[in-house]
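Visitor: What follows is each chain in one-letter form.
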Amino acid sequence: MRSRLTKLATALVTLFIVSLVVYSLQELLPGDPAIAILGEQATPETIAAVRADLALDDPYLVRYVAWLGDALQFDLGRSYRTGFPVVEEIVNRLPITLELMILAQVIALGIAIPLGTLAAYRAKSRFDRTITGAAFGLVSVPEFVLGLLLIYYLALGLGLFPATGWVPLTQSPAQNLHHALLPALTMALPVAPVYQRLLRSDMTATLQEDYITMAQSKGLSTSHILFRHALRPSSFSLVTLAGINTGRLIGGSVIVEVLFAAPGIGQLMVQSIFLRDFIMLQGTVIFVAAAYILVNSLVDVAYGFIDPRVRYQDA
Amino acid sequence: MTVEPGTTTVPGPRPAVAPGVRRRARPARAARRSCRRSLGLLFWLSAGWLGLVVLGAITAPLLPIADPAAQNYQAIAVPPGSPGHPLGTDRLGRDLLARAIFGARISLIVTTSAVTIGLVVGGLLGMLAGYYRGITERLVVAATDAMMAFPALVLLLALMATLGASVQNLIIGLGVLGIPAFVRLTRANTLVYAQREFIVAARSLGALNRRILAREIVPNILPAVGAYAFLVVALLIVAEGSLSFLGVGVPPPASSWGLMIAEGRDSLKQTPWVAFIPSAFMFLTVLSFNLIGDRLREESDVRETTL
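Those protein sequence lines, which keep their order, are chains S and R. All residue numbers for the first sequence refer to the UniProt record's numbering, where the first residue is 1 and numbers rise by one. All residue numbers for the second sequence refer to the UniProt record's numbering, where the first residue is 1 and numbers rise by one.
If you're looking for bench data, these hints aren't it; they were derived computationally from the structure. Some hints could be false.
[As the list claims (entries may be wrong)] Example chain S residues on the side facing chain R (calculated, C-beta under 7 angstroms, incomplete):
#, residue
1, 288
2, 292
3, 295
Each residue gets a CB set at the ideal place from its N, CA and C atoms; glycine is no exception.
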């Protein structure tokens with residue numbers, strides 16, 4: 001229990017540091033932040049307005065505390081480019097990023113679980129070695145290269161999927177899935193080999209256990225033994241890793257969203273870089289960072305509930 | 001994306017070794033040793049490719065290739081295999097071979113400088129933490145955990161967008177990104193060696209801590225750290241490529257692989273080679289670094305040397 005509290009405390013401290021770092025970016029803007037935010041054509045009146053709005057004349061720490069107070073009440077300011085509140089924009093785009101992440105996890109696990117199980121069952125066979133080689137190659141393909149290859153062959157070549165673009169889920173669920181599959185596959189393929197390797201190594205250890213021999217001697221079928229007896233005790237590390245990867249996918253979705261023109265949070269982040277929409281950038285970065293840290297620490301804590309062995313070690 | 005030791009092969013917590021597995025470990029190791037010889041070809045192919053890339057990157061200005069920035073409107077989007085342009089040109093008529101070689105130059109300068117920062121700073125901190133233990137260790141481990149919990153690439157994206165894209169900022173950013181991974185690795189290795197008999201012997205002979213660290217520990221952990229550096233370079237090449245692809249890495253008109261891929265992306269259907277030739281360079285280089293790092297790591301595995 002104590003270690004779990006320490007983990008949560010660490011997460012909170014990390015969150016605090018991240019918020020400080022992200023807020024300090026404003027100080028790193030070259031020249032007057034107000035001019036950097038508004039652009040060179042800003043009139044003295046609008047600059048004065050922004051300076052008053054962001055309280056730029058106050059000392060740094062005072063401003064930070066005020067900003068943090070607002071952020072804790074889900075107020076991340078208002079974009080000076082579009083006039084929209086940052087939080088509203090994030091909430092509008094969140095479902096798209098979430099959908100891509102969930103779909104990517106489902107595809108990755110859908111590939112990794114059968115292949116990992118089979119590779120463990122036939123460990124060191126030709127099948128196992130082929131999968132190992134393929135996994136090694138796949139891990140070395142950068143995400144944006146993989147995305148371009150998929151677009152070129154599956155979308156432009158075979159015409160199976162639309163190359164870019166997005167249809168909201170509420171408008172047409174079938175069209176939405178059609179547009180989401182390719183970006184989700186791009187996110188899933190680099191992750192799947194990592195899952196597969198982990199499941200394979202855990203499963204090979206499980207298959208050495210006595211109760212597996214027992215099940216075999218009872219004459220149970222191989223598939224029953226593999227999927228009903230061996231899979232569950234072998235999948236604890238996989239579950240943890242998948243959880244941790246959820247946090248990682250939030251960051252990883254940036255490139256995929258830009259590549260496939262999916263209007264999620266990652267695309268919002270990159271767009272605000274190019275529009276020099278600093279307040280929006282700051283808001284999305286702090287949101288993604290907070291989500292990442294929270295998901296990671298929740299997974300860490302939840303691990304103890306999934307695997308009783310960890311819980312007993314704690315006690 | 002955070003750089004973490006061992007993400008390329010077996011990530012996450014190491015599975016508990018069941019008694020049955022340990023009994024099997026001996027034949028497995030023997031099998032791996034014989035495997036090593038037959039897989040040697042792949043290692044040497046990777047080393048050959050890396051040698052070519054490094055040589056090309058170093059001697060790029062001396063090579064008989066076109067100017068990577070020269071636009072030639074007589075030869076716009078020429079496909080690979082054309083006379084004068086072995087790998088074709090992009091939509092501004094720039095020679096892709098020349099751009100890929102100069103891109104290798106940028107990629108390697110950025111990633112090797114960054115990995116050096118990570119290795120020296122992270123290695124030093126990890127060694128001190130593993131050797132002195134106590135409060136030093138707790139502080140270093142806490143700081144590393146906090147850095148590992150950062151969504152590093154997203155923060156780097158924001159940092160580059162704020163500071164402005166430049167090679168120097170990129171090196172510092174990626175270097176800091178690599179520090180926590182090296183801290184973990186060197187700390188774990190130092191912990192193992194600090195308890196070995198030869199350290200006790202050195203201490204009982206009156207050696208100072210500084211001497212033990214420099215003369216006894218460093219030479220022993222260096223192979224593992226060096227092998228790991230190859231894997232980190234592979235990750236950093238991808239990170240640099242991603243940032244450049246998004247337009248916040250290496251600033252144009254310099255040629256970087258990520259930037260070239262981004263430029264080819266808009267005309268993927270008409271001129272696919274503009275994007276895929278730098279992609280192939282990047283893939284082969286990352287794969288080579290991964291293969292070599294993986295093989296070297298097997299050679300320098302602490303668990304094998306302590307048995």
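Visitor: To test your reading of the hints: which numbers does this structure violate?
Guide: 3
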